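Student: These are the residues of each chain, in order.
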Amino acid sequence: MNKKYALYICTGCGIGDALNIDKLIEVADEEGAGVIQKHEFLCGQEGISIIKKDISDKGVNTIVVAACSRRVNFDVFKFDGCIVDRVNLREQVIWSHPKTAGEEIDHLQMMAEDYIKMGIAKVQKIKLPDPYKVESLSKKILVIGGGITGITGAIEAAKAGYEVTIVEKEAALGGYAAKMRKQIPIDYPYNNLISPIIESKIKELGSYPNISIKLNTIVARIAGEPGNFTVTLKKPGEQIEFDVPYPLPPHMKLDANGKELDKDKQAEVYKEYNKGKVDILTLDPNGEKFGAVILAAGFKPQTPKKEEVSHLGFGDITDVVTNHQFEELAKKGKIVRPSDGKEAKSVVFIQSPGKGDDSDFEYAGSVTSLVALKQAKYVREDYADGKAYIFYQHMRTPGLMENFYKNLQQDSGIFLTKGEVVNVSKNGNGLIVEADNTLLGEKVKIQADMVVLATGMVPATLDDPVVNLAYRQGPAFRDIGLFCGYVDSNFICFPYETQRTGIYSAGPIRRSMTIEESMEDVTGAALKAIQCIESVNKGVSVHPRSGDMTFPDFFFQRCTQCKRCTEECPFGALDDDAKGTPKPNPARCRRCGTCMGACPERIIGFADYNIDSIGSMVKAIGVPSQDDFDEPPLRILGLVCENDAYPALDMAGLNRLSYSANVRFIPVRCLGSVNVIWIKDALSKGMDGVFLMGCKHGDDYQCHFVKGSELASIRMKKIGEALASLALEIERVKQFEVAIDEYNKVPDMIDSFVKEIDALGPNPFKGF
Amino acid sequence: MTMDKAIPTSANILVVGGGISGLTTCLEASEVGYEVILIEKNPYLGGRVAQLNQYFPKLCPPSCGLEINFKRIKDNPRIKVLTLAQIEKVSGTPGNYDVTVKLAPRFVNENCTACDACTAACPIERSNEFNFGMDKTKAIYRPFDMSFPMRYVVDSTVCRGSSCGKCVEVCKTKAIDLSMAEKTINLKVGSIVWTTGWAPYDATKMDNLGYGRYQNIITNMMMERLASKNGPTKGKILRQSDNKEPKSIAFVQCAGSRDENHLAFCSYICCMASLKQTTYIREQYPDADIYIFYIDLRAPGQRYEKFYKKIKEDKKVFFIKGKVAEVSEDYDTRNITVIAENAVTGEKIKQTVDMVVLATGMQPTAAIDKLPADLKYTDDGFIINNFEKGGMFAAGCANKPADVVSSNQNATGMALKAIQTLVRR
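Residue numbers (the working numbering), protein chains in the order written: chain A, 1 to 768; chain B, 769 to 1193.
The following block holds chain A by itself, in its conformation from the complex (with noise of 0.2 Å):
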């Protein structure tokens, strides 16, 4: 592309009054920024048909537009075939700082010149983007688990016209949904206990041509990128040379000291700790080619530690079983007593362990308290003179699925009531239960014939990966710790979102969850496995920056293989080979730009975003120094978070409350993406202090790209060596944590950290 440039300022909501634009065009001209054309108002018809005429009459197409945030008026200042930027104005520049024309030291004139400058530079190091096109395309999808999440997942994705592949473990379909007697209703009016409906599931599974069902099969591998997935199938058991290799689990990178092995010794203990499997850059020639995948391998019934339950007799007693056990012994027939084969027509529900806590079981949730309902209905249907008997803390049925609860109380032969069991006990052939603060009285004692445990549901992926992808970060999801061992997301607003792209969890393998639950949300999941193909198929990304063409671009040949770009991306995007080089699935990626904030060589980067076309901003901005003023202002640079920092910096211009006119931002898209060389840059340019502004990282991390924040952290904790190296003071680089609703506390941060460089006093390298 020939560039041909172009700058418009808009002089409208104000920006003509505190700013003398023509000097901003002299400014613009100086830099080399072609046509340059003012207008009171840009965003209108007439100014937009200015654009319009220079880009057809003049053949401008790269465009600087120094006007209102780009958050706004995005639509209007779209124009195709061009590069655009937008230079901050409005919102940043005059509504957050008071007027200083006249005055001594013009602050917000030298800004605004700063801001131009600073555009014009970008727009010189971008480039229009390229989409990246997999070499060749599969819009198949692969469902693990042949329960009734999976083969909703799958009947779902062909009736939108997809084909499909479902793989079950066992030699049947059907999970634990095929296990059941009765199950928790799934659609209105929600009141009772229906017919399994699994059978029919099966039925109408099989009636698609475009699904194929494979049983006694697991996954072995999953190599690749969305949209070309190599899957390498196998039987249970089995072991096979495309088996999955795991990555060193961090004892086996030291040696007997302690000392961490070097780089060749540690591939050598990696191969002999693979003995058998082929690498993962190895693609097996006879897998199956997928373009997503939805995992649906759910759960296992959870088996209490005898310990942790003695007083309720678990482990013990015979007749103390878990809900799991008693719904086989309900689907088998009548319900009869273990231990003895006897009918069992008392029995007592225990929703929680107790020991003065109101929890429930662990992994269990509100389909807990919804199982041990229906469990109680069948004491009653077995037996006309049956009893049964809830102790709960919290009776969870949220939702319509109060309707359920409901009717179940009318039931005369279902007893339920808050309280706290203390123990059970054998009492000649039957059990004595002991509970107390209960609804009935202070202290009670149930004679029952069985007793059971509402205990949770375990997600498969607790000890097994089960994706089990051949990725150089590790064949399972990220983040399940966060989790109890769940593949759930941590977003509230992106439930499908977890740090591996083109795979979507559903069902109990994401939290305990009834049957519509899991319908319902293997539904969403399977919408998202088609949308992450068909974006694939675009060449662009999937959330959160959907439909960004760009991804990130490296420059191989100075790689010093240090693996960084490899392990700190959030996505697992980037393999290595034997030497270390990366290898980068560009479909993996969500392009936030870890990779490019983590390579010291500095050689990776995007189309519209590199190391640069920022260092190029940073090195655009203007730093006084003593031969302008006697007492030069500092200047402070600031690299915000596109996400939340930048529009809570928007909010704080909205609401017209300032802050120093000596800082400069810098959006980036992640602080992830922060390069060390740009501080450096702007500290060995004089420029005072530099501050990161980004999301909250923790666990209940707020980062659109998980990591990025924490990351940046780390290396911000590093960077004293740095500092060091140029004779700096650590603190004149800090990191701000702000929430997006925080432009409250924005200008507190940002004059407190001035104050503080302040006192450091100049950079001694003003000038040089």
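It should be emphasised that the hints constitute simulated quantities derived from the structure, not laboratory data. Since we're looking at a predicted model, the values are computed, not measured. Backbone N, C-alpha and C fix where the C-beta goes; we use that ideal spot for every residue, glycine too. Heads up, some of the hints might be wrong.
Unchecked claim - In silico contact screen, one side only, chain B against chain A (beta carbon under 7 Å); selected entries:
id: 1; residue: Glu-835
id: 2; residue: Cys-883
id: 3; residue: Asp-970
id: 4; residue: Tyr-1099
id: 5; residue: Ile-1152
id: 6; residue: Asn-1154
id: 7; residue: Glu-1156
id: 8; residue: Lys-1157
id: 9; residue: Lys-1168
id: 10; residue: Val-1172
id: 11; residue: Asn-1178
id: 12; residue: Leu-1184
Unchecked claim - Using 30 Å as the maximum straight-line C-alpha spacing, the simulated BS3-like pairs for lysine-lysine come out as follows:
id: 13; chain 1: A; residue 1: Lys-4; chain 2: B; residue 2: Lys-842
id: 14; chain 1: B; residue 1: Lys-809; chain 2: B; residue 2: Lys-839
id: 15; chain 1: B; residue 1: Lys-956; chain 2: B; residue 2: Lys-934
id: 16; chain 1: B; residue 1: Lys-942; chain 2: A; residue 2: Lys-23
id: 17; chain 1: B; residue 1: Lys-973; chain 2: A; residue 2: Lys-406
id: 18; chain 1: A; residue 1: Lys-355; chain 2: B; residue 2: Lys-1084
id: 19; chain 1: A; residue 1: Lys-4; chain 2: B; residue 2: Lys-839
id: 20; chain 1: A; residue 1: Lys-182; chain 2: A; residue 2: Lys-300
id: 21; chain 1: A; residue 1: Lys-755; chain 2: B; residue 2: Lys-997
id: 22; chain 1: A; residue 1: Lys-99; chain 2: A; residue 2: Lys-38
id: 23; chain 1: A; residue 1: Lys-53; chain 2: B; residue 2: Lys-940
id: 24; chain 1: A; residue 1: Lys-443; chain 2: A; residue 2: Lys-406
Use these hints to put chain B onto chain A, whose structure you have.
Tutor: Frame of chain A, contents of chain B only:
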């Protein structure tokens, strides 16, 4: 996206309601490649979640996810958004619907730069329903800080129109047109997803709980606005009667929910919402006593249970199993006494507090105004999905009470259902 000015005539999918569920359905479907029209009756997108301070259990601001969603909308040419729009009529069959939409006038056109000059000039004030009447805006106003689209709107019920016209005079970009009239447009779409959401149950209907009679009894949604930095008190939780800092607060759970006389169902979110709101209070008032009167504390699942556990560590949060029967106000102090029976001990509890929060439930919007389409409803007004028939689907809280996570899962799934209708064609 294309903003209101270019009025569309057809699309693959119509999404009715621009709250979090509608946004999700709209975005997820369009990012597969389908054309979607999103209509919203308010002058802004975001719906109920736009009014929330934080989400449970992460305590993160909803505007964070909305910002990303709005960015996705902005970047997506396949999405058309119509605000101030309501459905008049739907006819046709799956794959082929004719929809009549009424567009209320905004009185502000696309020339609006959100410069705010008009509000300074406007002489009229109106009660701000976004903040549940706890403050006022001018007759021409921006719904809230981050409202999207970022464009002002005139409340024609209070505006004096061209007889005043002060805003028109000061608007440099000629963005205000007080003669703008209602418009009716026709759309052809293949499938429709109803994400019409919910409204807080009208707390004045519960005579015994004193809302509307006693100023220091507020609803949980009002608490969200009070705690929000862009709320009527800039985030400070204060009593309504005298703007004093409350030293004790009681939460009344199931205010209307699980009650045959009001909402027969459980509203799903109120327990977690109150637990969350205890953190708002604790952050501002380290010594405040907090009482939660509940029937069951519904914090199901590992993630919610973990959150509940954390709140239980706060020794000044007291949990009382018992339904509140009545409330009274002390005339001098304006303090509220809550009377309940402890369900476990049977004793009658009287607790006097500075402020009471009613954990009011969610009523489906369709229960208040029936939708002009061939839809089936539960007794409570939730839309029942008929997957056999297809074509029209309800997602999120239009379909059943749910939290944001489940609503979004459901809304993503319904995007696929809407697509299936098109594929089948």
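Student: With reference to the structure, classify each hint as holding or not holding.
Tutor: The hints, checked one at a time:
no. : hint                     : result
1   : Glu-835                  : holds, 5 Å
2   : Cys-883                  : holds, 5 Å
3   : Asp-970                  : violated, 20 Å
4   : Tyr-1099                 : violated, 36 Å
5   : Ile-1152                 : holds, 5 Å
6   : Asn-1154                 : violated, 10 Å
7   : Glu-1156                 : violated, 12 Å
8   : Lys-1157                 : violated, 14 Å
9   : Lys-1168                 : holds, 5 Å
10  : Val-1172                 : holds, 5 Å
11  : Asn-1178                 : holds, 5 Å
12  : Leu-1184                 : holds, 4 Å
13  : A:Lys-4 <-> B:Lys-842    : holds, 26 Å
14  : B:Lys-809 <-> B:Lys-839  : holds, 21 Å
15  : B:Lys-956 <-> B:Lys-934  : violated, 40 Å
16  : B:Lys-942 <-> A:Lys-23   : holds, 28 Å
17  : B:Lys-973 <-> A:Lys-406  : holds, 23 Å
18  : A:Lys-355 <-> B:Lys-1084 : holds, 22 Å
19  : A:Lys-4 <-> B:Lys-839    : holds, 28 Å
20  : A:Lys-182 <-> A:Lys-300  : holds, 19 Å
21  : A:Lys-755 <-> B:Lys-997  : holds, 25 Å
22  : A:Lys-99 <-> A:Lys-38    : holds, 20 Å
23  : A:Lys-53 <-> B:Lys-940   : holds, 24 Å
24  : A:Lys-443 <-> A:Lys-406  : holds, 25 Å
Of the numbered hints stated above, those contradicted by the structure are hints 3, 4, 6, 7, 8 and 15, listed in ascending order.
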